[in-house]
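Turn these sequences into a full structure, and let the hints steer you where they fit.
For reference, the chains in residue letters:
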Amino acid sequence: MSGAVARIMRGNTAGLLFHELRLSWRALLARSGGGKQGLVIAVLLIGGLGIFAGVPLGLFLRNYQPPVSRLPIILTDLALLAVASLMISQTLSSATESLYQRGDLDLLFTAPIAPRKTLAARFMALAVTVFMTFALMATPLLLPVALIGHPSWLAFYLVLAATALGASAIGLALSTLLFRLIGARRTRAVAQFLAAIIGAGFFLVSQINTLFGKSQAHGIWAQAKALAMDEHFQLPPGADIPLRALLGQPQVLLGYTLGAVALFFGISTWLGNRFAADAATASGADTANAPDRVHVARWETSAFRATFRKEVRLLWRDAALVSNVLLRTLYIIPLAIIVIRSAHGMDGFALAAGAGGLVFMAGQVAGTLAWITVSAEEAHDLLAGSPTSQVVFRRAKLAAAYLPLIAFLSPFMGYLVWASPMVGLFAIIGCTSAAFACGLINIWFQKPSKRKDFRRRKGSSWFATLAEAVIASMIGLATTLAILGTPWAAVPGLIAAGLLVMLRRSDAQIAQAIED
Amino acid sequence: MVDALVVRDLNKSFKAPAVSGLDLVVRPGELYALLGPNGAGKTTTLRMVAGLLAPDSGTISVFGIDVLKDPLAAKRIIAWAPDEPMLYERLTPLEYLEFVAGLWNVPPDLAASRAEDLLRTLGLWEDRNRRCEGFSRGMQQKAALAGALIHDPRLLILDEPLTGLDAAVARQVKDLLQARVAAGATVILTTHILEVAERMADRIGIIQRGRLLAEGTLDELRAQTAGRGGTLEDVFLELTGDHGATRTSNL
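The listed protein sequences correspond, in order, to chains V and G. With this note's numbering as the guide, the letters of the first sequence map in order to residues 1 to 516. With this note's numbering as the guide, the letters of the second sequence map in order to residues 517 to 767.
Rather than coming from a laboratory, the hints here were simulated on the basis of the structure. Fair warning: there could be bad hints in the mix.
Each computed DSSO-like pair below joins lysine-lysine, with the alpha-carbon atoms no more than 27 Å apart [as the list claims (entries may be wrong)]: (1) G:Lys585 to V:Lys450; (2) V:Lys447 to G:Lys531; (3) G:Lys585 to G:Lys531.
Quick caveat: nothing in here was measured; it's all calculated off a predicted structure.
What follows is the structure, encoded as structure tokens:
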């Protein structure tokens, strides 16, 4: 340990915060799967985006000063609302993990440090992690724009940090409330569901016209513009605070920041003692688990059926995973509805593009599920030691992965086949091909590990994820072009097939990769 | 009678040799304890016997079946229970046994009755509908053991089966293993608890650096140390040359 680190790590709040941030950073590196290589790629991507998109944008906006008027105020408020909702979703999900599941609170609470300090550091680390996520995403565009002519816009970072503090406080309060109402085990499940729904909520609201509107879809821009033009609509008091703070008006910025800091410290102090008690309860909660409903045994004589049943059970019982899938499937809904409405109105291009998007999303969802069923295996040796071919396990695991997707897409596909048989047929072929291709990639690049390590796509190789995205998008494009009736559909189709052939791994190669 | 396990000139290297020219014979119906210091190659050897790891060279035969040539046939009569229970936290013990019975194609009626017997014998019947995630280490180990026994294996291989178990659970497991041996099954186990091997094993093999150092009953092993060893621990330390323990006791 270096002298500087040793000085920090003296059991004070700063030291504990450093410890928490270091754990978060390492978890992020582990999730990216690439270690230092992944970090270099991320830096290159951010740098490249900054140079090729941020700088031109900065030059374009160099002399632009946004007025503090109704439209910019509404747009800023909506954007901040979206960011805050995503931040709350992230906090809700991480709070249950770091406070109730990581299992190191016993160690920290037995140390001669006030629990108040430990929890304050952990709360603060949550907020910092949330802030960093969004700051990293915004930096490539914002930093060049601020440096080229708008230095006061650097206030964005302070506004973002304040928003992260406020959102984290709300997320922490929500998770404590859930814990008090429904107990530790259900809190984990419900928090994951809530996080998914809040995360997708803003997207779905933005698509409300697509879902329920007339034939023409309106985006956020059009809705905000209409609202700004509506003379009967009165902006609530203080609606201009976020915009003024973002533009760097000192008093407003100070007020916004101090308000968020007060909210955060108020809630975290108020919650501190409750969290300590809850965390202590949570650490013993698993041993007091209630029995599942009385089970009627169904003894299988086929390894395929036994494995399929096991995988379906485990999928269904993994709340974190189900919420992950739910989040992804929620994004399919607007696409599916566009396709159905276009089929009904026979809008050729929207129909073809929507079907292509649907195929892409089907591939992504299938890939996520296949990654979990194939690689998240707690008893790999049990399967390897059984007198059953690995092919049987793979088929059963893929079948279990496809089941939720089939259940979800079947009604849409059924309607599409009825409304426009040819489009329906192409969409079914596209979705099946994309799901099959992404499933195969997850078999070839499997990394067996414990299921509890798979709350997100932890451990997945970035290469496999990229390959899935490229192949699913190629199949989606082929579907779009096929529906439009052009023979060029064969080109992306052949590219996808070629990529699959290049990526293919034999059983021996898979086994070798697992052993390595 | 065909031997339960015959290992000939078995070799496996990772970065360094883990198993080097190992020869081993286990007779049917005996409880064989494979002992050795940490890193001696015990687990590697047993994983190769269970068909989980391919050897670099050598042969392995289980009841006359070549494990390398016909692994599926061999796996039908083997059960492997590692030190870390192979369980699914979100399944109940009954669901786990359903799954394992399916893998070994155990007929449903037989599987149901065996599952009930095993869960009752191991004291898990009342917990059959609780998910394993809330189980103590001992309960998890017992559930995993029930899974290993559901297909009534002829050769049961256990790696450190008693690690982390309290006295009562350890007794249950030992009784069950002895009952299996009495019923004609062959059991091979590794353990660092030498008293267990001393009391339970028909024969003991001591392995070090991937080679078999000595093998036989406790009396035969004592004879190999020219009478210097009294307990199995003395014999073990004498044979493996691990006098660190003696030196530590002098501190």
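Results for each hint:
no. : hint                 : result
1   : G:Lys585 to V:Lys450 : violated (30 Å)
2   : V:Lys447 to G:Lys531 : holds (21 Å)
3   : G:Lys585 to G:Lys531 : holds (26 Å)
The structure does not agree with numbered hint 1 stated previously, though it agrees with all others.
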